[in-house]
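Student: Next come the chains, spelled out residue by residue.
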Amino acid sequence: MATTTSALGGAIRRREDPALIQGHGRYVDDIKLPGETAAAFVRSPFARAKVLSIDASEALAMDGVVAVYTAADVDSLGPLIAQLSFAPRPLLNGGEVKHVGEAVAMVVAENRYLAQDAADLVFVDYDPLEAVIDLKDAHSDRVIIHEGSESNTIISWAAPFGAEPEDQQAVRDQIEADKSRDDTVVVSQEMINQRLIPTAIEPRRVLAEWNPGYRSLNVWSSSQIPHALAGGIAVSLGLPTTSVRVIAPEVGGGFGAKLNVYNDEILVSWAAQQLARPVRWVETRREAANSTIQGRGWVGTATIVGTTDGEILGYDFDGIADMGAYTQNFTVAIPFLGLFVGSGQYKMPTYWKIDCVATNTTTTDAYRGAGRPEAVYYLERIIDMYAREIGMDPADVRNKNFIPNEAFPGAVSPIGFAMDTGDYSTNLNELLEVADYAGMKAERDAARAAGRHVGIGLSSYVEVCGFAPSGLADLGFNWATYGLPTAFNGSGLVRVNPDASATVIIGTGPSGQAHQTTWAQIVSDRLGIEVDNIVVKHGDTGDSPMGIGTFGSRSAAVDGAAAYQAADRVREKAAKLAAHLLEAAEEDVVFADGGAHVAGSPDSSVGWGDIASIAYQVHKAPEGTEPGLESEVFFTPSNATWPFGSHLAMVEVDADTGNVEILRYVSMDDCGNVINPMIVDGQVHGGIAQGIGQALFEEAIYDADGNLLSGSMVDYPIPTAGDLPAFELHRTVTPTDVNPMGVKGIGEAGTIGSAQTIVNAVVDAVAPLGVTHIDMPLRPRRVWEAIQEAR
Amino acid sequence: MKITDTFDVDCEVDAVWALFEDLPELAQCLPGAELTEHHDDGRCAGQVEAKLGPITATFDGEATVVSDTATRTGTVSGKGVDRRGGSRAQLTVAYKLLEIEGGTRVTVDADVVLSGAAAQFGRIGLLKEMTGKIIGEFVQCVEAKLSAPTPEAAAEVHAGDVKGISLLLSSMVAPLVRLFNRVFRRN
Numbered sequence: 018m019a020t021t022t023s024a025l026g027g028a029i030r031r032r033e034d035p036a037l038i039q040g041h042g043r044y045v046d047d048i049k050l051p052g053e054t055a056a057a058f059v060r061s062p063f064a065r066a067k068v069l070s071i072d073a074s075e076a077l078a079m080d081g082v083v084a085v086y087t088a089a090d091v092d093s094l095g096p097l098i099a100q101l102s103f104a105p106r107p108l109l110n111g112g113e114v115k116h117v118g119e120a121v122a123m124v125v126a127e128n129r130y131l132a133q134d135a136a137d138l139v140f141v142d143y144d145p146l147e148a149v150i151d152l153k154d155a156h157s158d159r160v161i162i163h164e165g166s167e168s169n170t171i172i173s174w175a176a177p178f179g180a181e182p183e184d185q186q187a188v189r190d191q192i193e194a195d196k197s198r199d200d201t202v203v204v205s206q207e208m209i210n211q212r213l214i215p216t217a218i219e220p221r222r223v224l225a226e227w228n229p230g231y232r233s234l235n236v237w238s239s240s241q242i243p244h245a246l247a248g249g250i251a252v253s254l255g256l257p258t259t260s261v262r263v264i265a266p267e268v269g270g271g272f273g274a275k276l277n278v279y280n281d282e283i284l285v286s287w288a289a290q291q292l293a294r295p296v297r298w299v300e301t302r303r304e305a306a307n308s309t310i311q312g313r314g315w316v317g318t319a320t321i322v323g324t325t326d327g328e329i330l331g332y333d334f335d336g337i338a339d340m341g342a343y344t345q346n347f348t349v350a351i352p353f354l355g356l357f358v359g360s361g362q363y364k365m366p367t368y369w370k371i372d373c374v375a376t377n378t379t380t381t382d383a384y385r386g387a388g389r390p391e392a393v394y395y396l397e398r399i400i401d402m403y404a405r406e407i408g409m410d411p412a413d414v415r416n417k418n419f420i421p422n423e424a425f426p427g428a429v430s431p432i433g434f435a436m437d438t439g440d441y442s443t444n445l446n447e448l449l450e451v452a453d454y455a456g457m458k459a460e461r462d463a464a465r466a467a468g469r470h471v472g473i474g475l476s477s478y479v480e481v482c483g484f485a486p487s488g489l490a491d492l493g494f495n496w497a498t499y500g501l502p503t504a505f506n507g508s509g510l511v512r513v514n515p516d517a518s519a520t521v522i523i524g525t526g527p528s529g530q531a532h533q534t535t536w537a538q539i540v541s542d543r544l545g546i547e548v549d550n551i552v553v554k555h556g557d558t559g560d561s562p563m564g565i566g567t568f569g570s571r572s573a574a575v576d577g578a579a580a581y582q583a584a585d586r587v588r589e590k591a592a593k594l595a596a597h598l599l600e601a602a603e604e605d606v607v608f609a610d611g612g613a614h615v616a617g618s619p620d621s622s623v624g625w626g627d628i629a630s631i632a633y634q635v636h637k638a639p640e641g642t643e644p645g646l647e648s649e650v651f652f653t654p655s656n657a658t659w660p661f662g663s664h665l666a667m668v669e670v671d672a673d674t675g676n677v678e679i680l681r682y683v684s685m686d687d688c689g690n691v692i693n694p695m696i697v698d699g700q701v702h703g704g705i706a707q708g709i710g711q712a713l714f715e716e717a718i719y720d721a722d723g724n725l726l727s728g729s730m731v732d733y734p735i736p737t738a739g740d741l742p743a744f745e746l747h748r749t750v751t752p753t754d755v756n757p758m759g760v761k762g763i764g765e766a767g768t769i770g771s772a773q774t775i776v777n778a779v780v781d782a783v784a785p786l787g788v789t790h791i792d793m794p795l796r797p798r799r800v801w802e803a804i805q806e807a808r
Numbered sequence: 768m769k770i771t772d773t774f775d776v777d778c779e780v781d782a783v784w785a786l787f788e789d790l791p792e793l794a795q796c797l798p799g800a801e802l803t804e805h806h807d808d809g810r811c812a813g814q815v816e817a818k819l820g821p822i823t824a825t826f827d828g829e830a831t832v833v834s835d836t837a838t839r840t841g842t843v844s845g846k847g848v849d850r851r852g853g854s855r856a857q858l859t860v861a862y863k864l865l866e867i868e869g870g871t872r873v874t875v876d877a878d879v880v881l882s883g884a885a886a887q888f889g890r891i892g893l894l895k896e897m898t899g900k901i902i903g904e905f906v907q908c909v910e911a912k913l914s915a916p917t918p919e920a921a922a923e924v925h926a927g928d929v930k931g932i933s934l935l936l937s938s939m940v941a942p943l944v945r946l947f948n949r950v951f952r953r954n
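Sequence order for the protein chains is A and B.
Residue 75 in our numbering sits at position 58 of the first sequence, with consecutive numbering throughout.
Residue 888 in our numbering sits at position 121 of the second sequence, with consecutive numbering throughout.
It is possible that part of the hints are untrue.
[To be verified] List time: in silico DSS-like cross-link candidates among lysine-lysine, alpha-carbon distance up to 25 Å:
hint	chain 1	residue 1	chain 2	residue 2
1	B	Lys769	A	Lys153
2	B	Lys846	B	Lys769
3	A	Lys67	B	Lys846
If you're looking for bench data, these hints aren't it; they were derived computationally from the structure.
Isolated chain A, as found in the complex:
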């Protein structure tokens, strides 16, 4: 049995694009139900306040207002509790609100305009309390945010992971001792990795319909995790999970912000049940900024002790991470994901600690990269500063300290995690060669001699994705609170239909990642059925196998692997049937070109239609054949995957205005085997753009009272094509051994590799002026001020 047609590795154009770019894609707002109502929320203007009273009489008196609900109405549903939840969220807060934008009441009206007008008429009397906004202030525990807790620090993560505290301290003591050696230098810098607002092109929205006759709830939501959402709704509403069907149709971007079960999704579902009418809620941009999760928000000090010839003896990171007011799906797990890659792809002893701290701000959670961009930022910035301190090329410093190839297989990072595969020096050296690093440096030096401020920035990274090996469930990576007692397995169902087409049903769905194309390629590769003859269904919990969702660059490596194995099982059965039809031995059957033939004689072949025909009419098949031609597989990888790469940028700074222009951007990523290089390039493109967004433009800014001052698209600039150069994308290929396709994941790599690459380049450009560090975002004013200060 062998395959002659390989669709893996082919740059097939995205099959979903014709519908999406011509406006035929079906999003939640394209679905209209008869008798719809619309919901709007009354939200707290205070970062922290007691709700004294709520007067909804004027709103209720308005024509067209159907209902106004407050905390008392939804008490019986209980708070929303996510796994790893330390501060359960009230669905509607009738006690003490804890951030601006927290919902205190929900209005349902005949249409969205009426609902919003009525929400404005609901009068809430608040007694404002002192809010804690500044992260260090919160960390000091001067004011405790959650009544009954002893500290604002919810949890601390420290590494070496799993070691006893005294053994962790021993690592730190050794680093401390090395500082006093004669041949070492110490480089230390406090840095801010600022809060960001995930900005999907389609804001969140949800539509729910309760059928009292069937006692079933249909919910359409712009979600990355339909199965978890169905579970969360079922648990909250006390329904069997089989009574709740969640459909995530086309989803216009998620980036982690749609990786949560939100209060509004529960409330809209509940209201639809109460009213026996469909209820729709559409998020405004202001709500997206204030009430949907944000990302990042770390302050920390990175310290390197190293010899003057470039050997890093120890790395120490001590940070605090802003959790915001509550803990949602992965809030406290995000810094933990940072810990996974705390020591990067380097071999030096590492002490790494982060405190997860509550503040009276919007809750943080996963945002593209989720902990890894932050952790890698600190490490790669301080390595750059160390290289500058000892006057060594930053590429040489990195090469000198990488975990060597000989460590694989079986490499364990200094943080304490087993890594799958890696070849870090080859990756970096290929980048330097393809980009002509020597030539770039000469160009930079010539520009400097001519009075220009040109700089080169380099960063390597390792990340971790492909979640999750089953064992991680014990660390809290599971959704038991949503009634889903399962590890983060992948799932896939592959069916060959009687007409010789194939249907693939997956438990995960795209929000821009091109699953329609990728999964068709995987199955085409295994069965020899043309991509055009394969339909991929996703996002509907009513017909898909239990799936965890699309996040953490996991879909291909986990759910893709499940579909791959399911296709193989279908092929095994088909080979038996084809052998019967061809009167040949099963081992000699080859699948290609939409059918099967005997190896060496392609002229004598049977089509998939012939095979399917006897599979569905088993009286024509060998004795004992079970009818049907499909397989459903769940897949658990033996480890996470560890993609890696190196990025290089050249920038020019206008010292008079502080403006940064990116002259060149070259990446060398390694995500293992590649299913579709065009799609991988697209993911890297978007990822780099988002990393550059953090480096140069984006920041969630709060005033001292907890008002978000950057809650509109006017105040929160995101990068556009005009701000970016043409990226030069390259790859090395180091397959993983934890899944059958050897793929690692690429969704977040661009983001993880890019922010510090840009900052390193900008600092390199202005280093001759005396600047050593600038905190992101490097907007012109900040760069200009840093230059003035250094002068």
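Given the structure of chain A, go ahead and fit chain B onto it with the hints provided.
Tutor: Relative to the frame of chain A, chain B by itself:
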């Protein structure tokens, strides 16, 4: 946000103090303010309309004025709600009058806390610039009232209705003028 300002009124201090003690008259000199109710114990109610960049807010609220004639000092504390836009404001203003040659020096120490849309989308960075403009109109009005020939004529004097756009423009122009001056004086 804390705003501290000092300004001079070209009228003698007792007359200015008397006006400060006459809430209905004083309110007429505050651009955008309207007094709807006041009591002898210093409690009062009214409306303040403010245009903060793209946000226009009408704050309905209550305030209490406590003053001491002996030291010519006083404090206004109040809060207001903009019910249509969901904005809230809390305000504490301490004022002090001093006699100076040829008139009165007024020192104002204000603490303004804005919440809701006004805080998020109002250009509160421009609030300090706008304060200067408001004080300018206030001083003009006080001087006009106190120099009016008759009490009836004085009662007719109002601060120019608050013009959000003109306020905003002038508050945007002020920094531009400063920038212009800085740039050209540097050479």
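Student: Are the hints correct? Go through all of them and say.
Tutor: Hints versus structure:
1. As the CA atoms of B/Lys769 and A/Lys153 are separated by approximately 23 Å, the hinted pair is consistent with the 25 Å bound.
2. At roughly 16 Å between alpha-carbon atoms, B/Lys846 and B/Lys769 fall within 25 Å of each other, so this suggested pair holds.
3. Between the alpha carbons of A/Lys67 and B/Lys846 the distance comes to roughly 16 Å, so the proposed pair stays at or under 25 Å and holds.
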